[in-house]
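A.B. asks: Read in order, the letters of the sequence shown are residues 1 to 378 in the UniProt record's numbering.
Treat the hints with care, as some may be off.
DSS-like, lysine-lysine: derived pairs with alpha carbons at most 27 Å apart [claimed, not checked]: (1) K249 to K192; (2) K271 to K285; (3) K285 to K338; (4) K271 to K192; (5) K117 to K294; (6) K271 to K320; (7) K271 to K294; (8) K360 to K320; (9) K371 to K360; (10) K294 to K348; (11) K347 to K249; (12) K371 to K357; (13) K378 to K347; (14) K348 to K360; (15) K117 to K371; (16) K348 to K338; (17) K228 to K249; (18) K320 to K249; (19) K313 to K276; (20) K228 to K285; (21) K192 to K182.
Since the hints were derived computationally from the structure, they do not count as laboratory data.
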Amino acid sequence: MNKEDFQILIKKYLKGEADLTELQRLINYYESFQEEHEWVEELGSEETLKTKMLISILERIEDTGKVKRIPFYRTNWFTYGVAASLVLLVMINIFYKVNLPITTSIQENQIEIGSSKATLTLSSGEEIFLAGEKDFLFNTAKSNGKELIYEKTPASSTQLSYNTLTIPRGGQFYVELADGTKVWLNSDSQLKYPESFAVGEPRTVELVYGEAFFEASPSSAHNGTRFKVNTNNQEVEVLGTEFNVKAYKEEANVLTTLIEGTIQLNTHHQKAEVLKPGQQSVLNKQNGNLLVSKVDTDSEIAWRNGLFSFNDKSLLEIMKVLSRWYDVDVNFEDETLKEVTFNGQLKKNQELSSILKLIKNTNFITDYEIKNNTIILK
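Let's have the full structure, built from the sequences with the hints guiding it.
C.D. replies: Okay, structure coming up:
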C-alpha cells in the first residue's frame, strides 16, 4: 500500500466509512507495522494509530450485530465471516501488543502494581520484612530487598535450621539457596528450606503453597545428593534441572512443568512418573490422579520474566492471576463471563486499570468497577 492509498483509507476508516473489505486491508497493514513507514508517523504515533484502529474496529463490529457475547470455546469463528475474523485478531492484538491510553479514577490508581517483597522467618521465629532498597545481613544470608542470597556452604552434619520465605499477594521474590539452587517465587507463595543442607542426605525444600520456578544445582556438584521439592500432595525428585511447580491452596490441581533436565514425581496414589523437558504433570489433589502432557513452557514460566501469558485461559483463570499480583478480590456479576477465553501476553508492570480497560474493550464485559479493593465485572 502506497502513502496516498493509505491516507485515503485511514481517513475513511477513522470516520467509520470503511467497509469490511477495507477494514481487512487495514488489519493486514496493521500487522505489518514491524516495518517502518514514514507516512504513518505523520498521522501520529504508531501506538496511537493502533489504538484508534482497534477501538474503531470494535465499535464497527458491535454495530453490525453479527457478533454478540458468545464465549470463545463455544463459537466456530469462521462461520461469522470477515467480521468475526477481525474480532478475533483485534482481541489477540489488544492482549499482546497494545497499551491503551486510559483515564482512571482515584480509586483505580490506588491499586498498586506488584513488586519484590517477602517476609523471612528465621529458625528462632524472628520475622524480617524484605522490600525496596532495605539491606539485610544475617549469618550466611544477605538481601538488598529484592533478592535473598545465601553463601554457598558445604553440607553440614549438625542439626538443620530452617528458614521460611513468605511472599504476599502483590509480591514476588528471588532466593539463592546454600547449595546454589536458584528459586523465583510468585505472589502468594511460601518456601521452607534449611540454611545449609545435611551431609549425604537429599537436599529437600518444601513449597508450602503457591508457585515457584527452580533452577536446581546438579547432584554431580553435591556428591550425588538429589534435590527434592515437597508439596502437600507430591514430591519432585531432581537430578539437576529447571522446572516450575504451581501449588496454590485454593486450586484443585498441582502443576509441575519441566523446562530442562529430568525430574521424577512421587505421589501417594500412583507409581513414580518421570517427566521429559516440555512436559507438564497435573495432579488432582482430591483423587490423586496424575496426568502428563506437552505444554508451551514459555507461557508457563512467563511470570518469572515479568509477563502474564494466557493461552486459551478463561476470564476466571485470568482474574485469579491478576488478583494475586495486584492483591485484590474479584466478583463476577454475570457468571457466564467466567468461561470467556482469551489469548496473549501482558506486561506485569502496568496499572491494573489499563488491563481491565483492555478486557472491557473486547466488548465481552459491559463494564467493571473497583470498590473497596474488589474488582466487579459486569
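A.B. asks: Does K294 pair with K348 here, judged by a C-alpha cut-off of 27 Å?
C.D. replies: Since the Cα atoms of K294 and K348 sit roughly 26 Å apart, the hinted pair holds (cutoff 27 Å).
A.B. asks: Is K271 close enough to K192, meaning Cα to Cα at most 27 Å?
C.D. replies: Cα-Cα ~26 Å, so holds.
A.B. asks: Take a quick look at whether K348 and K338 sit within 27 Å of each other, Cα to Cα.
C.D. replies: Holds, at roughly 21 Å.
A.B. asks: What's the verdict on K228 and K249, does the C-alpha distance respect the 27 Å limit or exceed it?
C.D. replies: Measuring from Cα to Cα gives roughly 20 Å; hence the hint holds.
A.B. asks: Within a Cα-Cα threshold of 27 Å, do K228 and K285 meet the stated pairing?
C.D. replies: holds, 19 Å
A.B. asks: For the pair we were handed, K371 and K357, check the Cα-Cα distance against 27 Å.
C.D. replies: holds, 16 Å
A.B. asks: If you draw a straight line from the CA of K117 to the CA of K294, is it 27 Å or shorter?
C.D. replies: With Cα atoms ~33 Å apart, K117 and K294 exceed 27 Å; violated.
A.B. asks: Can the restraint linking K347 and K249 be considered satisfied, given a maximum Cα separation of 27 Å?
C.D. replies: The hint holds at about 25 Å.
A.B. asks: Under the criterion that the straight-line Cα-Cα distance not exceed 27 Å, is the pair K117, K371 satisfied?
C.D. replies: holds, 25 Å
A.B. asks: Run the distance test for K249 versus K192: straight-line Cα separation, threshold 27 Å.
C.D. replies: This hinted pair holds, its Cα atoms lying about 16 Å apart.
A.B. asks: Verify the proposed pairing of K271 with K320, using a straight-line Cα cut of 27 Å.
C.D. replies: It is violated: about 32 Å lies between the C-alpha atoms, which goes past 27 Å.
A.B. asks: Are K320 and K249 close enough, with their CA atoms no more than 27 Å apart?
C.D. replies: Holds, at roughly 12 Å.
Hints 5, 6, counting from the list given before, are not met by this structure.
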